[in-house]
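Novice: Please work from the sequences and hints to get the whole structure.
First to last, the protein sequences are chains A and B.
Numbered according to my numbering, the first sequence spans residues 1 to 314.
Numbered according to my numbering, the second sequence spans residues 1 to 244.
Hints are computed from structural coordinates only; laboratory data are not their basis.
Nothing here was measured: the structure is a model prediction, and the numbers come from that model.
Heads up, a few of these hints could be off.
[Claimed, not checked] With a Cα cut of at most 35 Å, we get these calculated DSBU-like pairs of lysine-lysine:
1) A/Lys72 / B/Lys241
2) B/Lys2 / A/Lys183
3) A/Lys137 / B/Lys241
4) B/Lys241 / A/Lys28
5) B/Lys155 / A/Lys72
[Unchecked claim] Footprint (simulated), chain B over chain A, 3 or more residues, beta carbon under 8 Å:
6) 98-104
7) 246-259
Just so you know, even glycine gets a beta-carbon here, dropped at the ideal spot from N, CA and C.
The chain contents come next:
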Amino acid sequence: MEIVNVKNLKKLYGDFLAVDNISFHINKGEIFGFLGPNGAGKTSTINMLTGLSRPSGSEIHINSIDAVRDIKKVQRIIGIVPDESNLYGEMNGFDNLCFCAALYGMEKKEREKKAKELLNLFNLTEAGNRPFRAYSKGMKRKLTIAAGIIHNPKILFLDEPTTGIDVESARHIRKLILDLKDKGTTIFLTTHYLEEAQRICDRIALIVKGRIVKIGTVNELMESTMQGHIVQLTYQGRMETVQKELKEHFPGCTIKILSNDSSQLINKEPVPLFPLLQLLHNKGVSVYEAKEIKPTLEDVFVEITGLETDRANK
Amino acid sequence: MKTLTAFWNILIKDIRNYYLKPPNISWGIIFPLSWTLMQIIRSTENIDIIQLLPGLMAMSILFGTTSMLAVTITFERRGRSFDRLLLAPVSLSILVLAKICGAVLFGCLNAFVPVIFASFFVSLGGINWGILFTAVFLIALTSTLIGLLIAVSAKEVFEAQTLSNFFRFPMLFLCGLFLPIQQLPAALRPISFCLPLTYGTDLLKGTITGSSIMHSAFSILMLLAFAAGLFLISRRSIQKKWIL
Ligand SMILES: Nc1ncnc2c1ncn2[C@@H]1O[C@H](COP(=O)(O)OP(=O)(O)O)[C@@H](O)[C@H]1O
Ligand SMILES: [Mg+2]
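Specialist: Spelled out as structure tokens, the structure:
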């Protein structure tokens, strides 16, 4: 079921088109990744969806509410974690959380209970009575996330949640995001880390220069750039001598010799390993390792964005 | 109910974070206090204190309110925490009201610093307190809204404070406090009547010294009209400037 539906979203700053007519939807309960380099238009998109900025044109429906006309109603069911923390430096962690809960109309008892729970969940209990401005970057980001979910939003918008913080905190945050998903929260996440997108997102939109250049599940994206099935072999022996037999056996395949002990066999169809290894064995090539090479999201990204720049240059 | 919770907590947070902080208390209380003392020391007869009271009150309110939003709004804009308020499910009107409420309260309290001082020296029996409170409240409200308009136009805290001084001092001289409006050059007089403070001062003067030039009901109406107008203009420019 679609919980967010965006059609022809556009953002003009003066005459600079930061978001160029993008359309996408987010399914209920999924982690939707918005992946793109700096300046691609990720934050601009989040700001328009959450009411911090006015779209220059579009239709946005969030949980069946028209977000362009009725953003205050939408804001009740969404949580927002901005790229830069926007909590109050002079207030302590606990008070910050309670204040954020109060903005959503939560009662005193309820918000204090929830604030304590969240401090605990984010390993910030001890820091709870220290002023926010004394927090480390990782702690700040965690408290900002806690503030974004204190009112139990249906949809959570996370703008680069792991950018600029230490590895350990980043891992903790990714785990928390996955836990939220398990509890049924729909998550919209922007990132410029390919690996992060690949690891935690269900579906990804690649955004470059304000345009979505590709959208789909992680597997779909990778398949789209796959030129065939690749088996990489490490061996002892002379591959050159068996090239002809291999081509007879696997019509249409290509052999790419990488070094004197490794080669790649590229084929349209998946390559059955047993006959391949047997053939090589019979020809005196002893194989130590055979593995399928899958393209990474990075390959996809480079290919697509490479194409994009080519197209733009023409 | 939910809106009320949000409103109340924004107000309380501002009071705790800003209004009760030493620099603001000193700006808001010490300044009018020292002015009052200075004037009282200089004056020899009781009658002078009563004559001075409207001016002192107006000044205390003006100084307590106009620069306040420069702090509470411009500062939060810089630190991006104001975004949090814009992202909350609270309408812009309620948000603006919650923000100005603290400053209005603060201004009203400031106004009574000189009154309390004066009460030690002279009898305040002849004052119509109903009108006095109304005047104080409306002056506080309109000056806060002017402060809001300034805060909306400024990017930096110091810019907002400079701007508010730019408006504050001419306003004090044109509103008829120090120099009666009839004695102002004819070219400046129309400007006086475009300032909410002129009507506020006249109300105060009317009830404290009995020397008003306009009917009090008229002044109240004018102040209300200014308040409504300023509120709408500020809200509109917030919407235009901050929700990009
Ligand atoms: N308020 C603004 N005024 C003018 N240009 C802006 C503004 N905000 C963002 N931009 C520009 O829009 C583009 C997209 O920015 P942004 O959405 O922040 O990208 P991302 O979050 O993907 O890094 C950038 O080129 C940026 O310089
Ligand atoms: Mg960004």
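Novice: Run every hint past the structure and note whether it holds.
Specialist: Structure-based check of each hint:
no. : hint                : in the structure
1   : A/Lys72 / B/Lys241  : holds, 18 Å
2   : B/Lys2 / A/Lys183   : holds, 25 Å
3   : A/Lys137 / B/Lys241 : holds, 30 Å
4   : B/Lys241 / A/Lys28  : holds, 34 Å
5   : B/Lys155 / A/Lys72  : holds, 26 Å
6   : 98-104              : holds (count 5)
7   : 246-259             : violated (count 0)
Hint check: a violation occurs at hint 7 only; the rest are consistent with the structure.
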